[in-house]
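*Asks:* Chain by chain, the residues:
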Amino acid sequence: MTKLLPSRRAMMAGAVAAAPFLAGKAFADTAPITLLNVSYDPTRELYKDINTAFAAYWKGKTGQVLDIKQSHGGSGKQARAVIDGLQADVVTLALAGDIDEISERAKLLPANWQSRLPNNSTPYTSTIVFLVRKGNPKAIRDWADLVKPGVGVITPNPKTSGGARWAYLAAFAYGSKQGGAAGGKDYITKLFKNVPVLGAGARDATTTFAQRNIGDVLLSWENEAFLTIDEFGPNFEIVYPSSSILAEPPVALLDKNVDRHKTRTVATGYLNFLYSPAAQELIGKHHYRPRNPAAAAKYASGLKNIPMVTIDQAFGGWKKATATHFAEGALFDQIYKPA
Amino acid sequence: MTAQAILASPTKARRRPWVQHSILPGFGLSLGITLAYLGVIVVLPLVALAIRPWELGPAGVFHALAAPRVLAALKLSFGLSALAALLNAPLGVLLAWTLTRYQFPGRRILDALVDLPFALPTAVAGIALTAIYAPNGALGALAAKVGIKTAYSPLGIFIALVFIGLPFVVRSLQPVLQELDHEVEEAATTLGANSLQRAVRVILPALGPSLISGISLAFARAVGEYGSVVFIAGNLPGKTEIAPLLIVIKLESYDYAGAAAVGLAMVAISFGSLVAINGLQLMLARRGRA
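Chain order of the listed sequences is A and B. All the letters of the first sequence, read from the start, carry residue numbers 7 to 345 under the numbering used here. All the letters of the second sequence, read from the start, carry residue numbers 39 to 328 under the numbering used here.
Certain hints may be false.
In the DSBU-like style, the derived pairs of lysine-lysine whose C-alpha atoms are separated by at most 35 Å in a straight line are [to be verified]: (1) LYS183(B) / LYS154(A); (2) LYS54(A) / LYS268(A); (3) LYS140(A) / LYS113(B); (4) LYS326(A) / LYS191(A); (5) LYS277(B) / LYS325(A); (6) LYS277(B) / LYS191(A); (7) LYS183(B) / LYS199(A); (8) LYS277(B) / LYS196(A); (9) LYS277(B) / LYS140(A); (10) LYS154(A) / LYS199(A); (11) LYS191(A) / LYS187(B); (12) LYS199(A) / LYS187(B); (13) LYS310(A) / LYS183(A); (14) LYS291(A) / LYS304(A); (15) LYS113(A) / LYS326(A); (16) LYS326(A) / LYS187(B).
If you are wondering where the hints come from, they were derived from the structure by calculation, not from laboratory data.
So here's chain B without its partners, still in its complex pose (with noise of 0.2 Å):
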């Protein structure tokens, strides 16, 4: 191969400027069917949500949104599945680094269980839930005893919403802590930092990017759960009544304009949630490089 061969190839690209070159052949083709499968299987049904509720025109979708059922019911959702993200997280943090970190008998069995809020039918851990939080289930009976009450409440749905979410934060953070170096621990610790310093200075900072991506699934899944919750929660409009839920009720008085305007206002919310996420990822990462 000449160097003419070669250097030929850097002007054909600069054709698109906008295409960084890569010598991998293919671009076309893939791009191609990224596009074409993601415009069939995201974008495709997110236009037809969005058409949807405009039949009752702007001002009818803003008396829907604004109706006050609607607003707990967003209100309940998105609050109840950013603190339980925010719950995961540490307990998350906790979990990945006791599993990743030391070697113990059983420790293959706990790394399943971690999966199982994940694979498990959502409906099954409604019940599963329910049965044990409710006021004469195991659990939901000590609570009791103390005055708390667990299912039926906001509490109940906060639970269910901790334990499916609780795998998003370990499995994200695994892989990160079992290719962190040893040696930068080693080298941290040559230099006179103890371990508090160790684990906040050198860990924490590689780990957050990844923290919060599993932060945000963890979120995002709490956000549209549906199975779990319905059983643990009491369903009561304006108190324990989820968003998905709601959802399901306008569908079922055939308001379906309503139904597809709450879906629109959860995916707005959603997709703004996660941008700004992500736009804190960027800002870490890139503190992190510097």
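Chain A extracted, bound-state conformation (with noise of 0.2 Å):
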């Protein structure tokens, strides 16, 4: 837990050392507006920084001062959280399934949410890849080499993480690429038998891996993988598999919660900067990669292109992903029943 702090330790510092700086301004204007920005676990950092640069461009552009929050965890419980009455501006979450339950359950937003913003309201893609230890002791060079006797796997559980849904569609993708479906239940299953701990997020997860030395490789996001070894340094090496899933993690505003706070305007600019070049800058800067064909350019040497599947094409869309994988009784719940 200690070596993880630090970021989180500089980030409550940050915000403390800006507290009488943001507050000044605001008597000088108007009081600032809250807006509160709900996201899954990986963000903490990505967003700290766009909030600082949407902050201040918003600021220039308006004179209105914000105060921009953001909140962090598992995907589906964050979505769970928004539908029992979390007042979330925008949702940021790890995948399209997510809102679309916020968007069923809660009636926040409008079912046709997904087209309302470029790229099928992602500002930014990822993938699955793999983190081991130092040197690769035990050669995990593709997802073949995970089911193997004696390698321990660690994920997060699908249930509750959006991360750990991406990772275990990219090795269902790669298990009925052997054997069409029953090859992929087949994969998944000795798979999860290789999984001596499931956490509640991504962080949870790189936290077991990283500090309690549990495992001999991770299952993460890309840009979590960068962030484990920016803060470990020499200790852990990225494995990139022979092919993987092209994540989409998409963001939305919430229509009745914006219009109840009367933060539409600014809430919608914020959704828009995530587009801008500045935003795409900070999102390549951050592992993640950029829509913006300048920004993927400049930090595409460092991310490795593999071929990856897509949610649509390989499982139909995340509604018959969720059917045939997460719900109650489905695949997932099937691995674990006692044989």
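Two chains, two frames, a set of hints: combine them into the complex.
*Replies:* Set out below in structure tokens:
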């Protein structure tokens, strides 16, 4: 836990340092407008930077002072919090399925939300890679190596973590390439036999792997893998498998909430800002894959190009994938049926 | 005050024969507040919980509860909680005994330490325990050398439950031990009892009821413990997934009714065990009095 804390502590320190400054400005103008961005687990550092950049941009453009709050946790958990009444203005979650649930259950935004912003409302993409220990002692090169006996695989619980759902689907796609749906099921059954600890969220799993020294390989968001390397340096190595999945974490405005808070203009501005060159640059800097070609080109050298399946092609969209794999009693639950 | 006035009040009370008359005033008001408070704080949320699962229908509730994963989680939670409470019983007696019967330097500090698991935020306890018992932690590495897996196994959960349960046993026993008259033990000695007889036939019976209530408190707390356990358990369905975690997971997959069904089952089992423990306590108390 301790090694991951400095970044958070730095964040707190930054917030504390910025507070008098912001408060001073607030007195000069009007009271700051509060915006709450409810996001998934590994985006803490990214949105901390984006929020600072957007607040400066918005101040210059409109003179309004912003107080942008961010909340992080497993994607499913965050979606449920919003459904249960957490007053988010915008959600930036790990997968479209979770925002669909918010639309369906709490009716906070229309069902066609994903068509309201460019690129399926996903300002950046990412993928799932392997993080292994230094020197790769178990010689893990591809998906096939993960199901070998004696290999410990760390991944969060796909029931609660968006990243884990992408990882699960990437694994399933690999398995079904070998032998259709049965091959996919067979592969993930073997894979989860090698999982000794199921964390609730991506950060949780990273801590288990990096701090507690459990397991030989972490199925990780690409950006989280790079962040771990940044934090722990040479103790870990990133391995790109032969194929993975194109993860598209979407963003959306919660219409009912922004109308209640009278924040529609600034919330819309915030989401549009994510597509701006400045934000795309930050996205690339934090090891996500920007949509903006210039930013993508600038950071392309660090990120390897591998074949990626998409959720729509390989699984027929989130609705179908959830019903087949993650619903109560569906494929994931069947893995854990006692034989 | 005349004799008639004194006699008058019992006749008044006879109108409500189930109420034992008390000479203290304010019964109606205090009972009213008690009922209203318990109703709002305890009964109302439980009723809400009890109503929720039935949207699945009786068959649906049965189906939700009969799932092997749910049964395994309930068995794990209640089984390990009982074991942890039982381990805390003898050790709790020993600790309470040492802390009340002997005077030694540092006694007060030790006494304060007992409360620590109680006062610590559960997540902090979880992180601390995991850091120690993980395979790269101090104790975890030792255990791993002899081939015992502590963190991320049922044993890890057990350790966490023992940790959080300890203060309940010790704190239930201490006041009783303090009140226990030395004269009684001295009398037993003069009557020829040896130290074992004194412990088993004089002290233990006096401690019985409070020991049982301490055990039941530790048990009840352990059953509901979430914060410290999720860190140290591996959270694998069917193996190291506790019932409270299963509830959280069900909620996060939007299965509100299923989560409530597991919750209701936990309440029912907990309530049943507490009633049984209370019955045992009553029995012991009666025997002690006879």
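*Asks:* For each hint, tell me whether it holds in the structure or not.
*Replies:* Hints versus structure:
1. LYS183(B) / LYS154(A): Holds. LYS183(B) to LYS154(A) sits at ~24 Å (cutoff 35 Å).
2. LYS54(A) / LYS268(A): OK: LYS54(A) and LYS268(A) at ~23 Å, within 35 Å.
3. LYS140(A) / LYS113(B): It is violated: about 40 Å lies between the C-alpha atoms, which goes past 35 Å.
4. LYS326(A) / LYS191(A): holds, 16 Å
5. LYS277(B) / LYS325(A): At roughly 29 Å apart (the allowed maximum being 35 Å), LYS325(A) and LYS277(B) satisfy the hint.
6. LYS277(B) / LYS191(A): The given pair, whose Cα atoms are some 21 Å apart, holds under the 35 Å limit.
7. LYS183(B) / LYS199(A): holds, 24 Å
8. LYS277(B) / LYS196(A): Given that 35 Å is the threshold and the Cα spacing comes to 17 Å, the pair holds.
9. LYS277(B) / LYS140(A): holds, 30 Å
10. LYS154(A) / LYS199(A): holds, 10 Å
11. LYS191(A) / LYS187(B): holds, 29 Å
12. LYS199(A) / LYS187(B): holds, 17 Å
13. LYS310(A) / LYS183(A): Measuring from Cα to Cα gives roughly 21 Å; hence the hint holds.
14. LYS291(A) / LYS304(A): holds, 9 Å
15. LYS113(A) / LYS326(A): Holds, at about 20 Å.
16. LYS326(A) / LYS187(B): violated, 39 Å
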